[in-house]
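Trainee: So the chains spell out like this:
There are 2 protein chains.
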Amino acid sequence: VNFSLTILGSSSALPTSKRFPTAHLLNVNERFFLIDCGEGTQIQLRRYKAKFSRINHIFISHMHGDHLFGLFGLLSSFNLLGRKADLHIFGPSEMKTFIDFFITHFSHSSTYKIILHSTGHKKKQLIYENKNLEVYSFPLKHRIPTTGFLFVEKRAELNLNKLAIEKYKPGISALAGIKNGRDLELENGKIIPNKDLTLKKWRNRSYAFCSDTTFYPKIAEILKGVDILYHEATFSQADATLATETFHSTARQAAEIAKMAKVSKLLIGHYSNRYKDTDILLNEAKEVFENSFAVSEGEVYNVDRYRESD
Amino acid sequence: VNFSLTILGSSSALPTSKRFPTAHLLNVNERFFLIDCGEGTQIQLRRYKAKFSRINHIFISHMHGDHLFGLFGLLSSFNLLGRKADLHIFGPSEMKTFIDFFITHFSHSSTYKIILHSTGHKKKQLIYENKNLEVYSFPLKHRIPTTGFLFVEKRAELNLNKLAIEKYKPGISALAGIKNGRDLELENGKIIPNKDLTLKKWRNRSYAFCSDTTFYPKIAEILKGVDILYHEATFSQADATLATETFHSTARQAAEIAKMAKVSKLLIGHYSNRYKDTDILLNEAKEVFENSFAVSEGEVYNVDRYRESD
Chain U
10 VNFSLTILGS SSALPTSKRF PTAHLLNVNE RFFLIDCGEG TQIQLRRYKA KFSRINHIFI
70 SHMHGDHLFG LFGLLSSFNL LGRKADLHIF GPSEMKTFID FFITHFSHSS TYKIILHSTG
130 HKKKQLIYEN KNLEVYSFPL KHRIPTTGFL FVEKRAELNL NKLAIEKYKP GISALAGIKN
190 GRDLELENGK IIPNKDLTLK KWRNRSYAFC SDTTFYPKIA EILKGVDILY HEATFSQADA
250 TLATETFHST ARQAAEIAKM AKVSKLLIGH YSNRYKDTDI LLNEAKEVFE NSFAVSEGEV
310 YNVDRYRESD
Chain Z
10 VNFSLTILGS SSALPTSKRF PTAHLLNVNE RFFLIDCGEG TQIQLRRYKA KFSRINHIFI
70 SHMHGDHLFG LFGLLSSFNL LGRKADLHIF GPSEMKTFID FFITHFSHSS TYKIILHSTG
130 HKKKQLIYEN KNLEVYSFPL KHRIPTTGFL FVEKRAELNL NKLAIEKYKP GISALAGIKN
190 GRDLELENGK IIPNKDLTLK KWRNRSYAFC SDTTFYPKIA EILKGVDILY HEATFSQADA
250 TLATETFHST ARQAAEIAKM AKVSKLLIGH YSNRYKDTDI LLNEAKEVFE NSFAVSEGEV
310 YNVDRYRESD
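Going down the list, the sequences are from chains U and Z. Reminder that position 25 of the first sequence reads as 34 in the numbering used here, one-by-one numbering, no gaps. Reminder that position 303 of the second sequence reads as 312 in the numbering used here, one-by-one numbering, no gaps.
Don't read these hints as lab results, they were simulated from the structure. Keep in mind the model is a prediction, meaning the values are calculated, not measured. Some hints could be false.
The list treats identical chains as interchangeable, and a pair is accepted whether it falls inside one copy or across any two copies.
To be verified - For lysine-lysine, the following BS3-like pairs were computed, each having C-alpha atoms within a straight-line distance of at most 25 Å:
{"#": "1", "residue 1": "Lys150", "residue 2": "Lys163"}
{"#": "2", "residue 1": "Lys133", "residue 2": "Lys274"}
{"#": "3", "residue 1": "Lys204", "residue 2": "Lys140"}
{"#": "4", "residue 1": "Lys204", "residue 2": "Lys285"}
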């Protein structure tokens with residue numbers, strides 16, 4: 010069961026000849042979640058052979074062009090491809106104006122329905138769930154209302170320990186109970202504890218997306234222990250004043266958030282085009298948080314599935 | 010003195026992993042004219058090292074997304090780069106709504122002024138000129154109002170034949186007359202014809218852009234003798250019915266226009282993504298018009314400057 014992130018765009022507002030504006034694609038069990046949609050996202054999706062038709066959910070962090078100017082083109086292409094499935098777009102309330110403009114002027118006879126979900130930006134909240142996944146939005150601190158997104162696998166049913174099940178032969182309704190964590194009472198009244206009947210739980214994998222934001226330590230609580238934290242790192246510490254003024258973060262600040270939140274892995278991106286080389290940013294992050302990576306277009310970050318230890 | 014065309018995007022509405030939607034960049038004497046602006050144009054401009062700041066004129070053929078969805082990103086980047094020069098955009102009257110939407114929602118404090126020029130689509134008309142160049146719009150035939158654009162160098166002053174000038178030593182006002190084509194009357198009343206005093210005229214180079222359009226032979230008159238004709242060739246002749254239905258052209262039809270108009274060189278593009286290989290389209294065009302080329306991103310087509318023959 011896949012849980013992997015593909016980087017489609019890693020630049021900040023001014024793209025370069027090699028870097029596209031922000032867009033990430035999260036694959037959870039072959040369902041694809043698009044997070045931000047900078048200009049050229051559909052071209053990147055093709056380049057990295059993503060299945061357009063498997064994208065049913067798009068999450069937009071805020072209304073700055075470098076995070077959403079790829080939407081018009083992508084929505085048009087869905088139409089040309091004859092898409093039928095509903096498309097759910099999660100974003101600030103202003104997205105309605107943006108999407109309405111598109112529909113009025115560029116999509117007279119759409120083959121599919123767009124369903125908008127307005128994400129508040131005041132507190133952490135569950136904005137989407139399916140049987141495998143929960144998605145939360147949470148407030149960031151930028152020049153305009155901006156949210157991060159947290160993707161967490163849901164506690165699935167427990168897997169049965171086949172040997173034990175063959176031994177105790179529980180009935181159908183007892184089996185369902187076991188999968189949901191219940192113990193088994195045998196006919197002789199003996200109780201077999203659930204842990205002897207099931208395999209250890211799968212750990213719920215998680216990914217958090219934080220772009221764009223000034224240094225905002227309050228979010229560390231929300232990000233606690235995530236497998237992958239993506240945190241913008243527009244500037245280096247030498248440009249910390251500029252970062253503060255523009256409500257962006259430095260690479261060091263991103264790493265400080267990662268450290269506070271005790272995440273497994275930090276990805277940085279949204280680089281200002283003033284840095285010809287991202288090493289300066291990566292090294293700065295690594296000084297604070299060793300397991301840091303500076304993302305580039307086309308990279309894939311997998312989180313392996315593993316069972317919880319005792 | 011340059012007159013060269015760079016292909017920024019060659020695909021039709023659905024971009025591929027290698028082809029961007031339509032955008033051409035014409036360099037006339039180091040002034041850059043952007044023609045259509047599909048998604049990703051600013052990324053292509055960077056990739057091919059075009060000077061953003063030298064683009065002061067943008068021409069949009071029609072209001073389909075694959076010809077203008079790159080505008081929002083490009084206009085934003087101009088702003089981030091601190092552009093000061095006025096930007097002139099030529100296009101259908103509906104461009105006003107499009108640009109107003111951008112300004113209202115994404116450009117609160119612009120560093121430069123956008124000046125919109127509405128191009129009619131009923132007849133050929135001069136829409137722009139400077140001392141080196143004239144630009145005309147002319148009607149194409151598509152599902153919505155669409156124009157082509159014709160770029161023609163202007164007749165410059167004549168260059169003097171130095172040997173003759175040294176011999177006859179005309180005064181300053183006589184010299185100005187000679188440069189404008191007048192003969193020289195010597196003090197003894199003898200007339201020296203202009204052609205003995207000047208070099209042959211530079212030929213006025215020209216480029217015509219036709220996208221998107223159904224087969225429309227009427228335009229051949231307007232395109233007569235251009236150095237480079239770009240004409241869309243969305244489909245192959247096998248899909249001619251589809252071309253007619255969608256108001257697009259086949260490669261053979263593009264070549265027929267080139268042949269009727271006796272142009273020097275035909276460029277085809279705007280390929281449907283159903284063709285994995287453009288050879289089928291190119292071969293079809295070449296059967297009718299030998300000097301045909303199927304464009305790809307990053308190609309540069311120069312028109313050399315040369316003097317007219319007698």
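Trainee: Which of the numbered hints above does this structure break?
Mentor: 1 and 4
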